[in-house]
Amino acid sequence: MFLFKRNSSKKKKAAAEQLVSLSLTQKALRSIWRDKLTLLALAYLVGITIIALLAPFITNNIMQVDPNEPITANKFTPPLTDGYILGADDIGRDQLARLLHASGVSMGIGFFGTLLALCIGVVLGMIAGFRGGYIDDALNWFVTTLDSVPFLFLLIIMASFISFNSTTLILVFGLFGWFGIYRLIRGQAISLRHREYITAASALGAGTGRIIFSHILPNLVSITAIVLMRGIAGLILAESGLSFLGYGVQPPQATWGNMLTKSLQFMRLGEHLIIFPLFMISLTVLCFYIVGDGIRDAFDPTLQR
Amino acid sequence: MSKYIIRRLLQAIPTVFGITLLVFFLISLAPGGPIEVLAFNNRMKPREREELKYILGYNDPLLVQYLRWLAGDDWMRWDEDDDGLADASVFFIDHYAPELDEHGKPIFDEGSGEAVLRQLPPGNKLGILRGDWGNSVYYKRAALDVLVERLPATLELGVTSLVTGFVIGIAVGIIAAVYHSGVFDQVSRVGAVIVDSVPSFGLGLMFLLVFAAQLNLLPLGGRCKTTLDDSCPPVTSRLEYLILPTIVLAAGGVSGYSRYMRASMLDVVSQDYIRTARAKGLQERLIWLRHGVRNAFIPIATFLGPSLTFLLSGAAITEQVYSWPGVGRLLVQAPGRRDYPIVMIVVVYGALASILGYLLSDVFYALLDPRIRFD
Amino acid sequence: MRRARRFIMFCPLLVLALLFMSLPALSQDMASGGAIIEPNFGDDPTTFNPIISNDGTSNTVIARIYPDFVGVDSETVRYMPGAKGALVSDWDISEDGMTYTFHLRDDMVWSDGVPITAVDVAWFLDAVLSGETSSPRQELIDRIESYEIIDDHTLSITFDEANCTLISTLAPVTPVPAHIFEEVYGDDYAGMDENEYNLNPTVTGGEAFSFANFRPGEQTTLLANPDFADAEMGAVIPEGWVYKVVTDQVVQMEQFFAGELTWVASVPQGYRDEVKERGAAGEFQTYETPAGTIRFLSLNTADPTNPQDGLDEDGNPIDQGHHPILGDARVRQALNYGMNFDEVNEGAFFGTGIPVASHVRPTDWSFPAGLEPYPFDADKAMQLLDEAGFTDSDGDGVRECNGCMYAEEGAPLAFTAKTNAGNTSQEALYTILQDQWNELGFDVAVEFVEFGTLVSEFTAQTYDAIGVFWGLATPADPNGIASIFLPEADVVGAGYNTQSFNNPRLNELIAEARTIPGCDVEVRKEMYGEAYQILRDESPWIWISTGDVLLTAQTNVENWAPRAGGSRWNIDAWMVSEM
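Residue numbers (our numbering), protein chains in the order written: chain A, 1 to 305; chain B, 1 to 375; chain C, 1 to 579.
Some hints could be false.
[As the list claims (entries may be wrong)] Quick look at which bits of chain C chain B covers, simulated, 3 or more residues with Cβ under 8 angstroms:
#1 231 to 244
#2 318 to 329
#3 345 to 359
[As the list claims (entries may be wrong)] Have a look at the derived ranges for each label pair, beta carbon to beta carbon:
#4 B:L126 - A:S191: 42 to 52 angstroms
#5 A:P78 - B:Q214: 20 to 30 angstroms
#6 A:G47 - B:V163: 55 to 65 angstroms
#7 C:E522 - B:I107: 22 to 32 angstroms
#8 B:P106 - A:N60: 37 to 47 angstroms
[As the list claims (entries may be wrong)] To list a few chain A residues with every Cβ distance to chain B over 12 angstroms, as calculated:
#9 K27
#10 L29
#11 C119
#12 F130
#13 G132
#14 S191
#15 V285
Just so you know, the hints here were simulated from the structure itself, not pulled from any lab data.
Cβ coordinates follow ideal geometry from the N, Cα and C atoms, glycine included.
All chains, full assembly: derive it from the sequences and hints.
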C-alpha cells in the first residue's frame, strides 16, 4: 500500500482513485480467499486448463496412445480394463485420451470465443458510451436487431453455409456473442462518463484513450471477469447443444459435445461413454458459474463483510 | 399508456427491418441456394436451371433480390397485353432475359453480336410484407402455412415453461431471500447452478429415462396419447405430456429468476425506507411482502424479453428430444435440406417473438415502476 | 389485494371446468383389431398425392392407401401379374415388344364406392406425361409414347423402344381417383403442389387402409378400409395405422420397450444386440432381412479442378483430364485391397455388414457366379502402388509420386474422403478406413460434411472421394448402374456419374442388356455379369458393404411376418391384441 502510494505520487487525484479501486480489488481478493467453494472451483479450472494444454504431451509421452487411432477389437471396453482408464469408445479409441484432447478444444472454443466477444463488446461499448450520438444510435440499432434473434437460431442459419470447426465456431461465437457485454460496458461507460474523477482527469488534460485505460478499464475488471466466466460456460453448453442438433464440430476432432452426442446412440452398450463427457461438461460449466458468482459477490460492496 | 406503447411499437420497426436484412443476407451467403435443391434431379437440364434463375431473379443484384423477397415482384414486372408475358418493368430490373442454349449459355445473334432476348413471365411474388414467404422447398407448400401448423404446440410449451419458470423462480427467490443464509437459500442457490450446468438435451434425456422409462410415471415424449383420433385432446387433459419438457425448458428460467429475485429482494430490504418501516414497528413478514416483493419485481419485469429469446433457443433442442411438434424442430431440420424459406420464416418469427417480449417487458416495467411516466 | 384473492380462488374452478369439458375426449378407446403404431424416425410426409410424391415417408403412407398399378410379389420379389394390391391382373406384350396391354381387375373400388378403372390410371399418366408437374418421373416421360384406354378394364401402353425393364419403369404408376382429381386439380398440373387436397385426400382405396388425418409434426393416421379386396383374412383386421413421428433414436427405442410402439422397422445399431437377445428370450418378435442400401465410396477419376460433362452435344466424349491420384485404376484397386473388411465390419457395423462387389445381392437373378469382393491383401495393395509409381522416397510414411501417371513428381499420395456428418456408422467406417489406408502409405484426410453441402460437391464433381449410401430398388434393378456409370449421366451439376467414369465396353454392355430382343434372362445375366466385373475391377466406386436390417415387433402382434419383398406385405392381417 505504501509502495503504491509513492509510485503514483505524480498525479495525486488519479492516484487516489486508483488506490480506492485497487484496495477494492484487494478486498475482493481477500473475500475470494475466504470463499472456499470459489477457490475449489478455481483450482479445478486451473487444473483442467493445464491438463488441456498438456493434453498432446500427456497422451503421446505418458499414456502413449493416439486419441484418433481405432482399435476395433477393443471397442466398448469398460473403464479400468486392459489399460483403458476411462474405457474405449465405439471403435476402440481411448476415451481418456479423447477427453483430454476434447477439453482443449471445448474450453478453447469457449475461451477464445468469449475473449473475442469481450474485445468487440468492450471496444464498441466504450465507443458507444463515450461518443454517444449517431454512432451510439447505429450500434444500438445493430445490437437490438441481432440480439432479438435467438442465438441458437443464428447458429442454425449459419450452419446453412458454414460447416463448423473450432476456428469457425470461435469466430461465430465471437462475432455474434458480444451484445450482452456491449450493453454492460456501454451502460458503465455512460455512468462513468459523468463521474467526477473522470471529469477531473479530463480537466487535467488527460486524453480520452488515457482516461479509458487508466480509469475506466480497472473499474471494469470485475465485470469482464464475470462475463468471461459465464461466457465460457455458455459457449461450452452451446457447443454441445449444437453437436446434439448435428451442426457441431465434426469428428475426428473430439469435443465434449460431439463425444456425448455420439455416445447417446450407444447408451445400452457403453454408459461410460455418456457419463464422462456429460460429467466433464457439467462440472466445468458449474465451476465457471461458481467462480463467476464468487467474483461478483467479492466485488459487490453491499455483500462485503 | 397507449401513446407509450405506440411509440415503442414504432421504435420496433427499424429492428424488424434490420432482422429481415440480416436474415436475407446471411442466407444469400449460402452456396447455391434453393436452386441447387431444385436442380438436384436428373430431369432438370442446364438450360432449364439457368432459365429458372432468370425467372426467379437470381441474377439480379442482391439488393433487388432483397426487395423482391420483402415486397414482391408483381409490381416490378407486369403483363400489359394479357399474353402471359411481361412487357414492362420498373427501371432496376428487366422484363426480358437472354435466350439460352442447351448449356444454359446466352445465345448471341450472329449478325449484330447482341444477345437474343425473350420476355419473362410477369412477377408473381407478393413478398413477405404481404405474407408471401414462398413455398417450403421440402414441404412443397407455403412456408407460412407450415409455420402456422406448428405454432400451437410451441405456444403451449413456451407459455407453460415461461409461466412455470417465472412462478417457481420468483417463489424460490423470495423464500431464499427471506431466510437468506439459511439451508433453503444455500440448497436452492447451488441447485440452480447445477441444473444450469447440464446441457439441456442431457437433462431432457436423463429425465425421460428416469421418470418415464424407469419409473413409468410420465409419458415418453410426444404431445398427447397416440390414438386414431384426429386431434389431441385439450391441453388440460394431457398435462402429463407437458411436465418433462416444461421442467427442462423452465430450468434455466427458474435458476435465473430465483437468483435475481433473491438479489433484488436483499437489495430492496437494505434500503432506507424499509428501515423506516421497520422502525415504525411494521411486522417483518409484511415488510417482506408489501415492500420487498413489490419493489423487487420491478427489475424482474425487464427479463421477459431476454428470457423469451432464451426459451426459443432451448425449445429447438427440447422439442427434438421430446418429439414435440413445434417450430424449433422445424428449424433444426431445414438447413440440411436447403429449405431456406423455412429457415427465414422461423428465424424472423423467433426474432418477432423476442421483440414482442422486449416490448412487453418495457410495458410491464413502466406499469410497475411509478417513477416512469408515459408521456 | 382482495380482488387478487378472489381470482386465486377462481383458478381451481377454471381448471376443473376445463377438465370437465375435456372428459369426452378421454373416454375414447381402441377397438378389437387394435391400432398399429409405427415410428416415423424423421419428418412429416410432404404430400399424399402419388403424382408428385418424392420422398420415402410420403411414399410409405401412399403405398398403404392407393393401389399399385403393377405389383411386386412379396414372395418372389419380382413384378408378377396379379400381385397383391395391384390393379393389373395380367398383361400381354405385342410382337415388337413395344406395346403392353394391361388387363385390370374389376373388384377394386374407391372409398366412395366408385370402381377403380383404366380412367384412373389414365389420369395419372396424363398428369405425369404433361411434364408440368414437379414430380421427377422422367423415365416415364422418356419411355411412354402413348397409351390407349381400350375399355374400363383394359389399357395399352406403347413405349418408344422395346426393352427389358419396361415393367419396372411403370413402378411409379399409381391409379388415382380420376373423378375426384379432375374436380380438385383440373388440368392445372403445374399448380398441383400448392393444392390443399394433397394433405387431405378424402377418397382413397384399393389398399388396406384409407386416409383419416394428418397432424403436422405428430402423426399420420389411416383407418381400416372395409372394401379392401385382397385382405388375407377376408377383412382388414387392424383398426388403423398410425405413423408417428419420433425424433430421437433413444426415445424411439424406449417407447418400443415400453410397448407404446407396435413394431420398429429398423432397430438402431446400438440396440441390435439387446433386441436380439430379448427377442430370443421371447420378449419380442424379430426378423432380419437384407438392407435396401449399399455403402459406397465414389472415386473421382477426372480432374476435380475443372469439372466437365461426359459428352459434348454430338455425343462425343470430352477430355476431362485425370484425377492426379485416383485417375489411375491401380491406385483405386490398391484402396480396395487395402480395406480390411473384417475390421471395418467389427468396428463400424457391429459385425452385421456384408461385403459386396456390386449393387446386386446373391439372391438377385442377375448376380453372376464368379463375382467376388476384393480380398484384404495389403501386400498386393502396396505392390500396385509401387507399380503405379507411388513410392515413399523420403521415409516419412507417405508415398510420393515417382514416375506416376497423372500427379506431379513428388506430390504426396494424398486425397480427401468426404462423407455425411451425423451418421455414427459412417464416422466409424471412415475413421477406420483412413487408418487402414494410411498404413499403406496414403495420406487420407477424412471430412464429415453436412449432407446438403456434400450433395452440392458431389454433383459439382469437385471432390476426390465421397462416400454415401445408394438406396436400392425393390426388386433389384440391374439396369440401375446405367444412371451412375454411363457417360450420358456425367453432367456437371445434374447427373449421377459424378466420378466421370467412361468405359466403352461397359457402355455397350449396359445398352445391349437393356434392349436385347426377347430379353432372355440367361443372356442378360451374362452381360450384366461382365458389366459388374468391369465395375469391380476398374473400381470407380469402392463397393463397401450392405447389411441386414433388424425388424422387431411386440409379441402381441399376431400374423407379423415380414418378408424380403416387403415387411408390411400382410399388414392387413396384423392383429394387435391387448397386452
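Status of the hints after comparison with the structure:
no. : hint                                : result
1   : 231 to 244                          : holds (count 4)
2   : 318 to 329                          : violated (count 0)
3   : 345 to 359                          : violated (count 0)
4   : B:L126 - A:S191: 42 to 52 angstroms : holds, 48 angstroms
5   : A:P78 - B:Q214: 20 to 30 angstroms  : holds, 21 angstroms
6   : A:G47 - B:V163: 55 to 65 angstroms  : violated, 41 angstroms
7   : C:E522 - B:I107: 22 to 32 angstroms : violated, 50 angstroms
8   : B:P106 - A:N60: 37 to 47 angstroms  : violated, 59 angstroms
9   : K27                                 : holds, 19 angstroms
10  : L29                                 : holds, 22 angstroms
11  : C119                                : holds, 22 angstroms
12  : F130                                : holds, 23 angstroms
13  : G132                                : holds, 18 angstroms
14  : S191                                : holds, 16 angstroms
15  : V285                                : violated, 4 angstroms
The structure is inconsistent with the numbered hints 2, 3, 6, 7, 8 and 15, although it conforms to all the rest.
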